[in-house]
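Student: Residue strings, one per chain:
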Amino acid sequence: MLVTGIKSKPVYAPLRYDAGGRYHVMLGQEVGEAPLLRVLGDMSGSPEALARTRVLYVPLRAAAAGAAPAAAFGGAGVADVRIFGTTAALLEAFRDLLGRALMGTRLYVAGPESFIGLAMKIALEFNLNKDEIRAEECGTRARRVYCIHCRTTTENVRTNIVTCGGCTRSLLVRDHYSRRLAAYMGVMADAEVPGELPPIREVFA
Amino acid sequence: MSTAFKPDETFRDSFTFRNSEAAIRRFPMPFPEDNYMYSVNIEPHTAGPPGSVTEFPIDIDEHYVAECKERALVLAAEPLRFQALPHMMSAQWDCLELIMESLARDYPQHFALARAGNRWHWINRPLGINRHFTFGEASSLDRQPLDFITRQAQGDWVVMDQREGDLWTEAGMVTTQADWSLDFDVGMTFKEWHGPVPIAHELGVFDRALKFLLNLRLGAPVRRLNWTMTVHPRLDTSPENYPFWGPDRAAVTALNAGDLVNLRVELQGLWRLPRSNAVVFSIRCYLISLRELVTVAKWGRRVHRVLKNLHPELVDYKGLARYRDAVVEWLAPYDDGVPTTPGTAPE
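Note that the protein sequences, when read in sequence, are chains A and C. Quick note, the first sequence lines up with residues 1 to 205 if you use this note's numbering. Quick note, the second sequence lines up with residues 1001 to 1347 if you use this note's numbering.
Treat the hints as calculated values from the structure; they're not laboratory data. Note that the Cβ used here is the ideal one computed from N, Cα and C, for glycine as well. Worth double-checking, as some hints may not be accurate.
As the list claims (entries may be wrong) - FRET-style restraints, in silico, Cβ to Cβ:
#	chain 1	residue 1	chain 2	residue 2	range
1	C	Ala1254	A	Glu202	31 to 41 Å
2	A	Arg22	C	Ser1052	53 to 63 Å
3	A	Ala51	C	Gly1117	54 to 64 Å
4	A	Pro10	C	Gln1109	31 to 41 Å
5	A	Thr163	C	Glu1021	44 to 54 Å
Take these sequences, add in the hints, and give me the full structure.
Tutor: Below you can see the structure in the form of structure tokens.
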């Protein structure tokens, strides 16, 4: 069974401003702030585009919260900045926004892979195509892992083997990735011989 | 082949599945040579010799009734083994038409299809189904069209939508699979779906296969063979149920391999569908125990040589790592070193 090097593992490229878009929706988590500010910098000569830009951002770490991010995005010329206390709240607002979005909307996502995955999952439900979406990965490589046996998703997985939050089996984390589930596949690691497990190591720092 | 069904054979627990002598002779041997590596081994799905598995586009054999019963057992426990995204309804009807037309045309003793405009009448004698419905009207069947018809067909069925220069796995009935999950993979592009296959990406196999399939024409289906091995004649080797069948792999020895281990061959057929422009991919599984296999001397020699020299990454990918050596040891006495004739025929 192939565990690493699987071609369904998504690859993301640095964010760039898409001048072909009419509306710009930017989602950021934690260290995703910097790439978004970089794109906004590229838009500084286009006040009309900035006026049609919305930023949804969740800092996560308490130290980064407060007024600082809002001020930074505001300073880049964005009027519509919303700062969230949790990722779930941000995603809910994003879903609501997409329900009302107009043709010509461009989506920019910046943050850890698991955050991008969750945003992409929602974008997929609204049939945004790949030309309308761009994402830049930064921050933790911790994974969401979907147990193929009991269908529970375990969050923030940093190790090659993880105990399933649902069925408690030891799962081997594969590179096989589902955009629809926004998760990697977890498969029972010692099904053939109970207890026969490889050494547990942190591999997704 | 004259199909005397064996409705009571099982693919779980008691594992009473066996091949008749005729079924052994028609087994789709996947190795034309004494060694094996991936290739884009796609050929036109044209009629093979009478009695062969490719005589008709969709093969019905002695295991038909038992396999349909096995599928019903899987679905009763795990309904998500059938899935279809909402925009696939037109393709579902296309599949129903393809299967009903093929079976009624090629096996009139078992199946009948009468059509008056959209009013269709379907008879499946082996399963005791007699059904009037309106083609294209979902409410006229008690299940979705693909679900309805693939419960009456052997093999797995995956329907791929074609758009943006790709094929998207967006509907399917998958209960007899070699360790892949429709539930996990539904919605994937062609290359994402095949992501876990080693080496072949680097060989450019999927680039070429995708390009080929995007240009698949209506009325010109194609096929290929693929293979792996399975302990016991178990059809449902899904990742979902791996905790239950995984331990079988640790039970194989050089003494019991002949009875426990089966060569598992997939006859994969691909058709362009007329209304939806989707592509349906049928993955029909044939099983043969090593003991049955060596009754054809050429096959005993050949499978021994293929397995002995198989690329290590393929040994791992096909899940053979734990018992390949035992299988090679069991087969060794059936390989006297005599050269084999080219091609797959029993000779």
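Student: For Pro10(A) and Gln1109(C), compare the CB-CB distance with the range 31 to 41 Å and indicate the outcome.
Tutor: violated, 51 Å
Student: Given a hint of 53 to 63 Å, does the C-beta separation of Arg22(A) and Ser1052(C) actually sit inside it?
Tutor: Holds, at about 59 Å.
Student: Starting from the hint 54 to 64 Å, judge whether the C-beta atoms of Ala51(A) and Gly1117(C) obey it.
Tutor: For Gly1117(C) against Ala51(A), whose Cβ atoms are near 57 Å apart, the range 54 to 64 Å holds.
Student: Could you see if the CB distance from Ala1254(C) to Glu202(A) stays within 31 to 41 Å?
Tutor: Roughly 40 Å apart at Cβ, these two residues keep to the hinted range, so it holds.
Student: Please test the hint of 44 to 54 Å on the beta carbon pair from Thr163(A) and Glu1021(C).
Tutor: holds, 50 Å
The structure does not agree with numbered hint 4 stated previously, though it agrees with all others.
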